[in-house]
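> Sequence:
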Amino acid sequence: MSKQPVITEQVDVNKKLPCEKSPEQQLAIMEAYTTAFQSTPERFAREVRCLRVLYPALFRRPEAEDLLLGRLDALPIGFGCVTSVGGVGHYCNFAKLHQLRDALPTPEQRERVAALEAFWREHDTRSIYFRQTLTDDTLGKFVDVNFPAIATARLSGMYLDYPQLMALGIDGLRQRVLQQFCMDAENASLRTAFLEVLMLLQQVIDRHIALAQEEAGKAADDARREHMQHLAAELAAIRHHKPETFVQGIQLSWLYSLCSGVVNYGRMDDYLGDLLVADLEAGRLTERQAIDYIRSHYRLIEARKTTVNGRVIVGGKGRRHPHNADVYCRLAIQAVAENQDTEPQFTLRIHQGMDEAIYQQALAVIGSGLTYPILYNDDVNIPAVMNAMGVDEPEAQHYVPFGCGEFVLAGRGVGTPNTCMNLLKILNIALSGGTDFWDGKNKSGGVPLTAPQNITCFSDVMDNYKRLLDYYISICARAQAFSYKVMNEQVGFLFTSLLTADCVQRGKALLDGGARYLGGTNETYGNINAADSLAAIKQVIFDKQLCRYDELIAALQADFVGYESLQRALIAAPKYGNDDDEVDQLAVEMHRYVCDGVRESARRVGLDSYLVVIINNQVNTEWGRATSASADGRHCGVYMSNANNPQSGADKNGPTAMLNSLLKLEARYHAGSVQNIKFSKNLFNTRLPLVRAMMDSWFERGGPQLMVSVVGKGELEAAYQTPEKYPNLIVRVGGFSARFVNLDRDVQREILNRTLND
Numbered sequence: 001m002s003k004q005p006v007i008t009e010q011v012d013v014n015k016k017l018p019c020e021k022s023p024e025q026q027l028a029i030m031e032a033y034t035t036a037f038q039s040t041p042e043r044f045a046r047e048v049r050c051l052r053v054l055y056p057a058l059f060r061r062p063e064a065e066d067l068l069l070g071r072l073d074a075l076p077i078g079f080g081c082v083t084s085v086g087g088v089g090h091y092c093n094f095a096k097l098h099q100l101r102d103a104l105p106t107p108e109q110r111e112r113v114a115a116l117e118a119f120w121r122e123h124d125t126r127s128i129y130f131r132q133t134l135t136d137d138t139l140g141k142f143v144d145v146n147f148p149a150i151a152t153a154r155l156s157g158m159y160l161d162y163p164q165l166m167a168l169g170i171d172g173l174r175q176r177v178l179q180q181f182c183m184d185a186e187n188a189s190l191r192t193a194f195l196e197v198l199m200l201l202q203q204v205i206d207r208h209i210a211l212a213q214e215e216a217g218k219a220a221d222d223a224r225r226e227h228m229q230h231l232a233a234e235l236a237a238i239r240h241h242k243p244e245t246f247v248q249g250i251q252l253s254w255l256y257s258l259c260s261g262v263v264n265y266g267r268m269d270d271y272l273g274d275l276l277v278a279d280l281e282a283g284r285l286t287e288r289q290a291i292d293y294i295r296s297h298y299r300l301i302e303a304r305k306t307t308v309n310g311r312v313i314v315g316g317k318g319r320r321h322p323h324n325a326d327v328y329c330r331l332a333i334q335a336v337a338e339n340q341d342t343e344p345q346f347t348l349r350i351h352q353g354m355d356e357a358i359y360q361q362a363l364a365v366i367g368s369g370l371t372y373p374i375l376y377n378d379d380v381n382i383p384a385v386m387n388a389m390g391v392d393e394p395e396a397q398h399y400v401p402f403g404c405g406e407f408v409l410a411g412r413g414v415g416t417p418n419t420c421m422n423l424l425k426i427l428n429i430a431l432s433g434g435t436d437f438w439d440g441k442n443k444s445g446g447v448p449l450t451a452p453q454n455i456t457c458f459s460d461v462m463d464n465y466k467r468l469l470d471y472y473i474s475i476c477a478r479a480q481a482f483s484y485k486v487m488n489e490q491v492g493f494l495f496t497s498l499l500t501a502d503c504v505q506r507g508k509a510l511l512d513g514g515a516r517y518l519g520g521t522n523e524t525y526g527n528i529n530a531a532d533s534l535a536a537i538k539q540v541i542f543d544k545q546l547c548r549y550d551e552l553i554a555a556l557q558a559d560f561v562g563y564e565s566l567q568r569a570l571i572a573a574p575k576y577g578n579d580d581d582e583v584d585q586l587a588v589e590m591h592r593y594v595c596d597g598v599r600e601s602a603r604r605v606g607l608d609s610y611l612v613v614i615i616n617n618q619v620n621t622e623w624g625r626a627t628s629a630s631a632d633g634r635h636c637g638v639y640m641s642n643a644n645n646p647q648s649g650a651d652k653n654g655p656t657a658m659l660n661s662l663l664k665l666e667a668r669y670h671a672g673s674v675q676n677i678k679f680s681k682n683l684f685n686t687r688l689p690l691v692r693a694m695m696d697s698w699f700e701r702g703g704p705q706l707m708v709s710v711v712g713k714g715e716l717e718a719a720y721q722t723p724e725k726y727p728n729l730i731v732r733v734g735g736f737s738a739r740f741v742n743l744d745r746d747v748q749r750e751i752l753n754r755t756l757n758d
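Under full-length UniProt numbering, the residues of the sequence shown are numbered 1 to 758, in order.
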């Protein structure tokens, strides 16, 4: 039964542009980076020296349509926060290094690449972590689908304190560092490093001033020349001072983001809205010009092609000047509608009392077939964050979803998901007494489990499952905390530390006790398949006694070959998503058990919080490929359910029943979940009041979030059969959107099989 699925390091649906530098130039930069690393043992000074090799050298020239500047390449060796734009800490992406090696023309150059690879095999941040963390059978690297749990080291969930950047500017940040560190000789190395990266940021700005001037010099028309001359002046203004115009605010926040390596961009309406309104009121900008700037900004985000990141947040409670923020929000929704891109992951926080016109505008864009804005309900999520993270309401108002939908407090803490669990694989291992039928290996981790022949009642099944869950929760919690320890030993994440509370005040780097909240998250997959499987076991094996428990185990091992009647009975058992309390309550029980177990483990490993995120990307499909047959009737290798949504096609009683089931999994115990719903264009747009009433009811009764896909009936099927005719059809996969034709075929099938409400 066992196969060897390909191990991918990231979801990489949107392919990046080739590097602007030649392979020879890339090799020279990577060698200089390696030399800087080798010659500087102190971590903060080493980070600064390495960053100087990369910046501003790796910034690209503007494209012809760019109204703003800031395009950046990532090399196979470099510095970063996440694998989607290079790697983590001092990283080496070995697969991309091999591609570069093959592109070099001479044996001598290829030997130089081999020398780099040999060095970074020992010093790449994630490799250091993996050597000390992974096990043979229970904990694999992200994303090795053979394992029940996977771990990595990354810093994907950071949101910077952009309001502080807007309020202080570079000179203000410099003064703040000097004031905080003036009596702190012990942390002089960190103070020096902070000051030096601010100088590096000014050099990056200088490079973009030069690029704007070069673009002006070769412009074919007066308008382009004048625009680039104006942009050069705007960039010069932010070398020292805080932004005074909308363009200055965008450019400073964007260039800082690129230097820091962050891939999510915060509540833009909150930190750019005041500058926008001031420009509009003074006549420096028209609304049309502002929309065009926002479109250009968002195209720069899209050019990074991070797939599951690139979050821009608008709306919601806790903004400083809601009226000004709503002006940005309205124009930004229009910009998203005009761009028709898959990034940024444009997210609207909604709440009772918000501007109704903005909500209607958002629904109209969703109805056009674009999957944005994603809707998050502040009336549910703010109290949920207060409970889950243990913070007060003013702090909880700063929650933001990142990546696929995990929550973190913007500018205040860390919440990166460095561990994931396959709950269905763990259940299957528990059912068998410890063996993963996928590859025949024992993956019990030494946990004592009752053998199948000794299972006499459903409580025995639940006891086995919970004991094994406890083990995997424990090893994941330790792996999460250890990932921060390893990263902190290697780097300071200096740019990120400067704009995260309370690093400067404490005189500490981000992961060294600086961040106000050091949290983590654990992505869980197969939640609903596991609940459906438990419900089917209870009904078919123990309530109706249609077969013995050991026969069920034999059927799962055989992928139901010779056990077709049993499979039909399992499929006919109640399924989550139909407002059926029998199966829904089992889903609720396991939801609470896993969420509580993960949250309570935070204290044991020294984290402020460690929370479940029930999100999704295509890993539900990738992990399904290596998960044996399950007791819900699912065949070996078939995709699993998407987040806490029903298994594709299992919801038979309409959208209201489906949403009723979803409501039972309360939001207050975790750090984010994903709810997908798919409507036909005919239903959504011709009966919008009905759809709106259903959505309003969902949010009022406790629905935390909704991701709405609106497609023409038969459109997905046609795109599956003739992809060349539908190159721009956008779908919501789970935690990200993508052009349907770019997805793997089994991912396309999973989306196709989701219920279409028509």
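Misleading hints may appear alongside valid ones.
Result set (PhoX-like, lysine-lysine): computed pairs, CA atoms no more than 25 Å apart in a straight line [said to hold, decoys possible]:
id : residue 1 : residue 2
1  : Lys141    : Lys21
2  : Lys305    : Lys141
3  : Lys441    : Lys544
4  : Lys141    : Lys441
The set of hints was computed from the structure by calculation and includes no laboratory data.
> A separate judgement is required for each hint: does it hold in the structure or not?
Hint-by-hint comparison with the structure:
For the suggested pair lysine 141 and lysine 21, the alpha carbons sit about 31 Å apart, so the restraint of at most 25 Å is broken. The straight-line distance between the Cα atoms of lysine 305 and lysine 141 is roughly 23 Å, inside the 25 Å bound, and the hint therefore holds. Distance hint between lysine 441 and lysine 544 is unfulfilled; the C-alpha atoms sit about 32 Å from each other, more than 25 Å. The hinted pair formed by lysine 141 and lysine 441 meets the criterion: a straight-line CA distance of about 17 Å does not exceed 25 Å.
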